[in-house]
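Peer 1: Same order as they appear, the protein sequences are chains A and B.
Under the working numbering, residue 489 is the last one in the first sequence; the count climbs by one each step, no gaps.
Under the working numbering, residue 1127 is the last one in the second sequence; the count climbs by one each step, no gaps.
It is possible that part of the hints are untrue.
[Said to hold, decoys possible] DSS-like, lysine-lysine: derived pairs with alpha carbons at most 27 Å apart:
| no. | chain 1 | residue 1 | chain 2 | residue 2 |
| --- | --- | --- | --- | --- |
| 1 | B | 1060 | A | 374 |
| 2 | A | 374 | A | 393 |
| 3 | A | 28 | A | 374 |
| 4 | A | 374 | A | 400 |
| 5 | A | 390 | A | 462 |
| 6 | B | 1060 | A | 462 |
| 7 | A | 447 | B | 1083 |
| 8 | A | 70 | A | 393 |
| 9 | A | 424 | A | 436 |
| 10 | A | 462 | A | 447 |
| 11 | A | 424 | B | 1083 |
| 12 | A | 28 | A | 447 |
[What the hints assert, rightly or not] Estimated spans, in silico, between C-beta atoms of each pair:
| no. | chain 1 | residue 1 | chain 2 | residue 2 | range |
| --- | --- | --- | --- | --- | --- |
| 13 | A | 46 | B | 1061 | 50 to 60 Å |
| 14 | B | 1061 | A | 309 | 56 to 66 Å |
| 15 | A | 463 | B | 1118 | 34 to 44 Å |
[To be verified] Sample of chain B residues facing chain A (criterion: CB under 7 Å; computed from the structure):
| no. | residue |
| --- | --- |
| 16 | 1059 |
| 17 | 1095 |
| 18 | 1120 |
Don't read these hints as lab results, they were simulated from the structure.
Cβ coordinates follow ideal geometry from the N, Cα and C atoms, glycine included.
Listed below are the residues making up each chain.
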Amino acid sequence: MRVFIFGIGGTGSRVLRSLTMLLASGVKFNYPDLTIIPIVIDTDAHNGDTSRTRDLLRGYHTIRNHFVSKNATSQSDSFFNTQIRSFNRLDSTLSDAADLDVQFNFQNQENTFANFINHRELTEDNKDVMELFYNDSMGSHRELHLDLTVGFKGNPNIGSVVFNGLAGSQQFKNLEASFTNNDRIFIISSIFGGTGASGFPTLVKLIRNSTNENLKRCQIGAITVMPYFNVESDDKSAINSAMFDTKTKAALAFYASDTHINSVNALYYLADSAQSGTLPNVEGGKDQVNNSHVIELIAATSIVDFINKSNTELEVPQCFEFGAEGGENPFTISQFSNHTKEKCIRPLVKMAYAAKIATDLISDLSSETFYGSKELNIAGELGIPNEYKKLLKFFQEFKKWSSEEMTSKDNGRSFNSFNFDQEKNLNFLVHGKSIKTGFLNSGLTAKNIAKRLTRIEVAEPKDLSVPEKYLNTLYKTAEECVGELGQMP
Amino acid sequence: MLLSFFNFLYELVCGTNPDSPEYGEGIFESVGLLTLLTTLIISLIFYVGVGRWQNIWYTKIHWLVTSLFCAVVGFGLAYSLAKHDLGSVDSYLMRFAFFNLFYAAIFFFLFSLLFKNFSIYSKRTPF
């Protein structure tokens, strides 16, 4: 089964980033033949959030190609187990070795909105009508002369016009041509900005009006994220947090009556009222790099939920909300439901142990058997220095995403997940639960981890490649650490 | 067979001692056999006992210390057994004990090559 996942706008990119972390941590799915095809849609092509997600997805793709068995499926016990594929290399006979392409491009996007709609070519009457609909000033709140290269700056009325042009793009035509009745679509968007709020209904409309019957009748899942953060107040900026709720209400009213939106098979709604923090007010471009947020992680779990649903469960369109055991601020692992903990949080905990071991511990274990040149050859970077560096970079990114960014007070609701600051000790890695120690048991010390790494590594099949052995060893060691932790907090 | 093997081994490096036929009649054999058995047991403990149980005694330094220990044990065995049988210490006995020190280290090295494949934490020790 292939699932095309569209991440629209900044929130779409950030949720895709969280999904990538979940996939990397080895979350399992009900469908072993699952292939994820991530697609980022954002007219703001140089957006910091978008490029960060694109780089992360490319990193995942490279790592999976080098460190994971060719036979691995989304049910395998492994990090990076689920296959992801580029939307422009859908033919399974094509080599998948090239860099992952994830971005849908708009035609004529390097322009103002006026140029996009050929405003100059319009008749005078039509120009007058357009100027009634759109502010034609050249000031800070311009609409008709809005520069599209930085997105729609919270103007869904402009976004919906531009998104309709997506139907003419070669990429959308390719999607239509290759879509089968075994494929699904998931759309991630926010409702309180411009790009996501306009892109979601327009994309659903394009799908439901497709000439390809498989695409037209496909099962669509979607998450629409309602306000979950504030930005600093800035009179010169087009983005104003005070308008988020108003925009959300307007969009919800539209969604409620839209026949295409009502045909979405599984529509997930998510919001967070704890918006006390403030993020920097950046309208777009490379400087828009928001911290990760627990809401984005929860949004990513909705994709896991959608993919795991059977076709029968998706026959009748339904709406879903997320249920947690508590709503305290800061949020903690203990507040997730048992189902979420087992399905998504346990793999993330496993990934956290692996990330800590790979980035902070292994370099000091050069005297251990697993480290040597005849085993994993860590000093020689496993014989594939570029890919090894990419893996370590991915682990560093995971640590930043799950800890440093999620715990930020600017988020409004912070998420206390992992503590990576402990020097060489994994006993206190998971917030809310430590490893039990005693007189004869010092817990998950570097020495204890080294013992596990060697024992696991020497037991790996001899015919495995060194990179595969390395990731398997990390996975199994991390699994033992989770075993030592016992039940989730 | 063992008698002639150990006689050959020790006479190769120490030469024959016509004044003390006890060496050829039993000392070489018993010292050689005990040295071989002792290094075998130490190797088994190093590689299979501790080497599969914990990562506490497994590095190259640990191996070097263990081989030095084997050498000292080899020296001690030769010195004490020969002195016990002969009742006195002469230059030949010292030479014999000294070369047994090397033989013990060599036996440990050879056993290392054999047993390291059965180890976990010492699988790559000494190389």
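Peer 1: Evaluate each hint against the coordinates.
Peer 2: Here is how each hint holds up against the structure:
Between residue 1060 (chain B) and residue 374 (chain A), the direct Cα distance comes to roughly 15 Å. Compliance with the 27 Å bound is thereby established for this hinted pair. Using a Cα cut-off of 27 Å, the hinted pair residue 374 (chain A) and residue 393 (chain A) holds, with the two alpha carbons roughly 25 Å apart. At most 27 Å may separate the alpha-carbon atoms for a hinted pair to count; residue 28 (chain A) and residue 374 (chain A) exceed this at roughly 33 Å. Proposed proximity of residue 374 (chain A) and residue 400 (chain A) is contradicted: the alpha carbons are some 33 Å apart, above 27 Å.
Among the hinted pairs, residue 390 (chain A) with residue 462 (chain A) is consistent with the structure: their alpha-carbon atoms are about 25 Å apart, no more than 27 Å. Between residue 1060 (chain B) and residue 462 (chain A) the alpha-carbon distance is near 24 Å, which keeps this suggested pair within the 27 Å criterion. A distance of roughly 46 Å separates the Cα atoms of residue 447 (chain A) and residue 1083 (chain B); the hinted pair therefore is violated under the 27 Å criterion. For the suggested pair residue 70 (chain A) and residue 393 (chain A), the alpha carbons sit about 22 Å apart, so the restraint of at most 27 Å is met.
The hinted pair formed by residue 424 (chain A) and residue 436 (chain A) meets the criterion: a straight-line CA distance of about 16 Å does not exceed 27 Å. With a CA separation close to 25 Å, the supplied pair residue 462 (chain A) and residue 447 (chain A) stays within the 27 Å bound. Of the supplied pair hints, the one linking residue 424 (chain A) and residue 1083 (chain B) is violated, its CA atoms being roughly 54 Å apart against a limit of 27 Å. Restraint check for residue 28 (chain A) and residue 447 (chain A): the C-alpha separation of about 31 Å exceeds 27 Å, so the hint is violated.
The beta-carbon spacing between residue 46 (chain A) and residue 1061 (chain B), approximately 54 Å, falls within the hinted interval of 50 to 60 Å. The supplied range of 56 to 66 Å is met by residue 1061 (chain B) and residue 309 (chain A), whose beta-carbon atoms lie about 58 Å from each other. Taking 34 to 44 Å as the suggested C-beta distance range, the pair residue 463 (chain A) and residue 1118 (chain B) does not conform, at roughly 20 Å. Hint status for residue 1059 (chain B) relative to chain A: holds, with the closest Cβ pair at about 5 Å, below 7 Å.
Against a cut-off of 7 Å between C-beta atoms, the interface hint on residue 1095 (chain B) is violated, since the closest Cβ of chain A lies about 38 Å away. Annotation: interface hint on residue 1120 (chain B) holds; nearest CB of chain A at approximately 5 Å, less than 7 Å.
In this structure, the hints that do not hold are numbers 3, 4, 7, 11, 12, 15, 17, in rising order.
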